[in-house]
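Q: So the sequences go chain by chain: D and S. Mapping of the first sequence onto my numbering: residues 286 to 635, in sequence order. Mapping of the second sequence onto my numbering: residues 3 to 338, in sequence order.
Don't take every hint at face value.
[Said to hold, decoys possible] Straight-line alpha carbon distances no greater than 27 Å define the calculated DSSO-like cross-link-like pairs of lysine-lysine that follow:
no. : chain 1 : residue 1 : chain 2 : residue 2
1   : D       : K524      : D       : K578
2   : S       : K214      : S       : K338
3   : D       : K578      : S       : K338
4   : D       : K524      : S       : K338
In case anyone wonders, no lab produced these hints; they're calculated from the structure. Quick caveat: nothing in here was measured; it's all calculated off a predicted structure.
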Amino acid sequence: MAPTQTSESPADVKVDTAAIRAREQVTARRVVFAGSGEPLALIGAMVVLIAIFSILNPRFATIENLQNVLNQASLPLIIGLGATFVILIGSIDLSVEGVMGASGVAFVLLSANSRGGQDTGIWAWVLPLLLAAALGLTSGLIYTMLRVPSFIVTLGMWFVGFGIATILYGTDAYPELTDDTITLWVAKITFGLPNVFWVAAILTAIMAIVLRFTRFGRVALAIGNNEEIARSNGMPIIKNKIFIFIVAGLFSGLAGILATMQMGGTSNHIGDGYLFITIPAVVIGGTSLGGGKGGMFRTAIGVLLLTILNNGLVLAGVSPSYQSAVSGAILVVAIVATAWPQRGRLRIAK
Amino acid sequence: MTATISDTGTVAVANAEKGKRLRTAGKLWQAGGPLVIFIAMFAVVAILTPAFIGSGGITIVAASAAPILLVALGQAFVLNIGSIDLSNAAITVLGAILLAMLLGPLAFAAPIVVLAMVTLFGAVNGFLLAYTQVPSFALTLGTLGIFKAASLVVSGATTVYVSQNKDVVSPLYTTQLAGLPLTFVLGVVVAVIAYLFLRFTRAGVGMTAIGKNESGAIFSAVRTRALKIVAFALSGFMAGLAGMTIIAQAGSASAMGLGSDLLLPAIAAAIVGGTSISGGVTNPLNVILGALTIALVPIATAAIGVAAEAQNLVYGVVIIVVVALTLTRSRTAIVK
Numbered sequence: 286m287a288p289t290q291t292s293e294s295p296a297d298v299k300v301d302t303a304a305i306r307a308r309e310q311v312t313a314r315r316v317v318f319a320g321s322g323e324p325l326a327l328i329g330a331m332v333v334l335i336a337i338f339s340i341l342n343p344r345f346a347t348i349e350n351l352q353n354v355l356n357q358a359s360l361p362l363i364i365g366l367g368a369t370f371v372i373l374i375g376s377i378d379l380s381v382e383g384v385m386g387a388s389g390v391a392f393v394l395l396s397a398n399s400r401g402g403q404d405t406g407i408w409a410w411v412l413p414l415l416l417a418a419a420l421g422l423t424s425g426l427i428y429t430m431l432r433v434p435s436f437i438v439t440l441g442m443w444f445v446g447f448g449i450a451t452i453l454y455g456t457d458a459y460p461e462l463t464d465d466t467i468t469l470w471v472a473k474i475t476f477g478l479p480n481v482f483w484v485a486a487i488l489t490a491i492m493a494i495v496l497r498f499t500r501f502g503r504v505a506l507a508i509g510n511n512e513e514i515a516r517s518n519g520m521p522i523i524k525n526k527i528f529i530f531i532v533a534g535l536f537s538g539l540a541g542i543l544a545t546m547q548m549g550g551t552s553n554h555i556g557d558g559y560l561f562i563t564i565p566a567v568v569i570g571g572t573s574l575g576g577g578k579g580g581m582f583r584t585a586i587g588v589l590l591l592t593i594l595n596n597g598l599v600l601a602g603v604s605p606s607y608q609s610a611v612s613g614a615i616l617v618v619a620i621v622a623t624a625w626p627q628r629g630r631l632r633i634a635k
Numbered sequence: 003m004t005a006t007i008s009d010t011g012t013v014a015v016a017n018a019e020k021g022k023r024l025r026t027a028g029k030l031w032q033a034g035g036p037l038v039i040f041i042a043m044f045a046v047v048a049i050l051t052p053a054f055i056g057s058g059g060i061t062i063v064a065a066s067a068a069p070i071l072l073v074a075l076g077q078a079f080v081l082n083i084g085s086i087d088l089s090n091a092a093i094t095v096l097g098a099i100l101l102a103m104l105l106g107p108l109a110f111a112a113p114i115v116v117l118a119m120v121t122l123f124g125a126v127n128g129f130l131l132a133y134t135q136v137p138s139f140a141l142t143l144g145t146l147g148i149f150k151a152a153s154l155v156v157s158g159a160t161t162v163y164v165s166q167n168k169d170v171v172s173p174l175y176t177t178q179l180a181g182l183p184l185t186f187v188l189g190v191v192v193a194v195i196a197y198l199f200l201r202f203t204r205a206g207v208g209m210t211a212i213g214k215n216e217s218g219a220i221f222s223a224v225r226t227r228a229l230k231i232v233a234f235a236l237s238g239f240m241a242g243l244a245g246m247t248i249i250a251q252a253g254s255a256s257a258m259g260l261g262s263d264l265l266l267p268a269i270a271a272a273i274v275g276g277t278s279i280s281g282g283v284t285n286p287l288n289v290i291l292g293a294l295t296i297a298l299v300p301i302a303t304a305a306i307g308v309a310a311e312a313q314n315l316v317y318g319v320v321i322i323v324v325v326a327l328t329l330t331r332s333r334t335a336i337v338k
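Build out the structure end to end from the sequences listed, making use of the hints.
A: Below, the structure written as structure tokens:
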């Protein structure tokens with residue numbers, strides 16, 4: 286991943302530059318290889334999984350099921366993009382499910398629904414997203430200004446969001462979206478892929494560009510790599526962190542709205558289970574929980590791998606009850622595997 | 003940040019002063035905070051709904067505080083070594099389900115078998131944490147998923163009822179001591195033992211040492227890895243006791259039923275009880291007050307006219323606010 290430099294030696298110094306150049310080229314090749322080795326291994330694992338599941342159940346490799354997999358992978362991917370940014374700065378966002386619930390319920394109540402509320406048009410999108418961004422902003426502010434560790438802030442914010450969802454939901458009957466065009470749009474196939482996956486794919490490309498080529502993205506990587514150096518170099522750390530939490534909130538909020546559209550209605554529990562797919566997916570994608578290393582496409586691969594695994598297991602006849610155990614076990618194995626080389630008797634891990 | 007050389011001295015003095023003030027504030031909070039919050043909460047409920055306090059309301063609060071207290075005590079042990087256990091409430095549910103299933107065939111042996119199992123689950127968490135050195139919140143998030151699935155699979159995703167030998171554990175709930183159900187008394191007894199353990203045994207003091215300064219503890223030959231495993235095992239054990247109180251009270255358990263939302267209330271109870279999330283500070287006796295305060299939250303929110311649905315929101319806000327108010331900060335440390 287790291288860019289390599291080929292430095293020119295000054296002309297007046299007599300050095301055998303050929304040997305140095307050859308050495309540099311080897312290093313450069315190694316860097317390229319080391320950067321792509323991990324994702325390639327994951328893609329290899331994915332191919333193996335697809336092969337195994339195709340043998341176990343012929344229905345697995347059909348076009349319909351692959352579209353189904355992409356459908357299922359879209360929301361964890363969208364959430365994962367925000368989560369990747371948060372994890373890249375070495376923090377964590379546990380509030381995903383609560384934010385999804387809040388925005389999902391707000392969306393359904395602001396759209397034409399079976400409870401008889403009014404369709405507010407564009408506001409049905411704007412207000413829930415603003416709510417989600419506000420929750421992210423609050424997490425970011427408490428995290429940066431009051432210096433409370435992110436896991437505890439977002440753990441609290443998870444239940445604040447869930448509480449907001451529960452209050453908005455109230456005690457009336459389950460609200461369903463009455464406008465079919467909205468509910469059918471997400472699963473509709475355009476150019477062979479479901480619309481919701483197109484949304485996720487486009488957002489992935491945008492976020493990958495933001496991470497790689499904008500000041501915002503580079504500062505985020507710098508913070509994750511070494512916050513002290515980033516700070517002493519005058520980078521806008523606090524602004525960057527707050528903005529990242531807003532982005533994460535927005536993506537969770539968008540996922541909440543899309544989940545509501547997929548279900549055709551919502552309860553305050555709409556986000557349940559998503560945290561368990563997203564965080565393991567980001568981690569097995571190769572984004573390190575310590576920060577500074579990782580990327581959006583890696584998260585996309587991680588999400589696809591987990592979704593294929595879950596989908597394939599269900600098709601192979603494994604009860605869906607096992608799903609959270611699969612994600613949980615993968616999370617444990619992935620973090621243990623990444624932390625393994627850094628073990629040491631004197632190392633502190635909280 | 004842009005202090006000139008001549009300023010640095012004064013800044014340092016000012017910081018030291020501020021640090022001293024903060025420490026005194028921290029000590030004051032340690033000594034009286036949980037009690038003050040509990041009394042304030044109790045006053046709100048007593049003034050707004052006098053009928054509730056008169057008509058056996060205290061028994062109800064104590065009964066609902068019992069599982070929260072037990073899970074919170076386990077959490078306090080883990081927080082005390084500077085980690086967090088996000089999986090212990092899931093262990094409570096799993097323990098309750100296992101107990102409901104085993105009471106029939108095993109009768110009196112069932113609680114012992116189940117407590118041994120949940121202690122082992124906790125110890126596995128601790129073992130993984132101590133020997134692989136991964137962050138505890140991520141590790142226990144993963145094991146939370148595993149325990150949750152185990153509950154679903156073991157119970158067949160339905161409610162498990164205790165078929166026979168219900169009276170092995172039900173007296174815990176039905177017997178009352180001075181108007182308090184035995185489940186709560188059990189929690190208090192565990193808290194007292196935990197207090198004595200942390201203050202007066204080598205292992206307990208060692209745990210606090212890990213929380214205060216792990217490097218220091220390692221260099222002082224504290225057996226940090228073994229103690230971490232013990233702390234997590236205790237968290238599992240107490241989660242199992244909480245599962246037992248649930249069976250005593252309800253006579254049934256399910257993966258989605260009573261106890262499945264204990265995580266946040268228990269963390270809140272530990273924190274309101276004066277336990278620091280950065281480790282090294284806890285007082286199990288204050289956790290009793292924390293658990294009672296948290297058990298009063300639903301009643302208090304109802305009393306001030308907020309819908310009962312707001313409970314979760316209140317727990318979330320309580321955690322953030324109390325942590326933000328009581329956290330010891332340093333200017334230079336990096337917060338992740």
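Q: Just to be careful, I want the Cα atoms of K524/D and K578/D compared with a cutoff of 27 Å; is the pair within it?
A: 20 Å, holds
Q: Against the 27 Å threshold, does the CA-CA distance of K524/D and K338/S hold or violate the hint?
A: Distance ~15 Å between K524/D and K338/S Cα, so the pair holds.
Q: Within a Cα-Cα threshold of 27 Å, do K578/D and K338/S meet the stated pairing?
A: 15 Å, holds
Q: For a C-alpha distance cap of 27 Å, please report whether K214/S and K338/S respect it.
A: Cα-Cα ~18 Å, so holds.
Comparing the model with each earlier hint shows no violations; every hint is respected.
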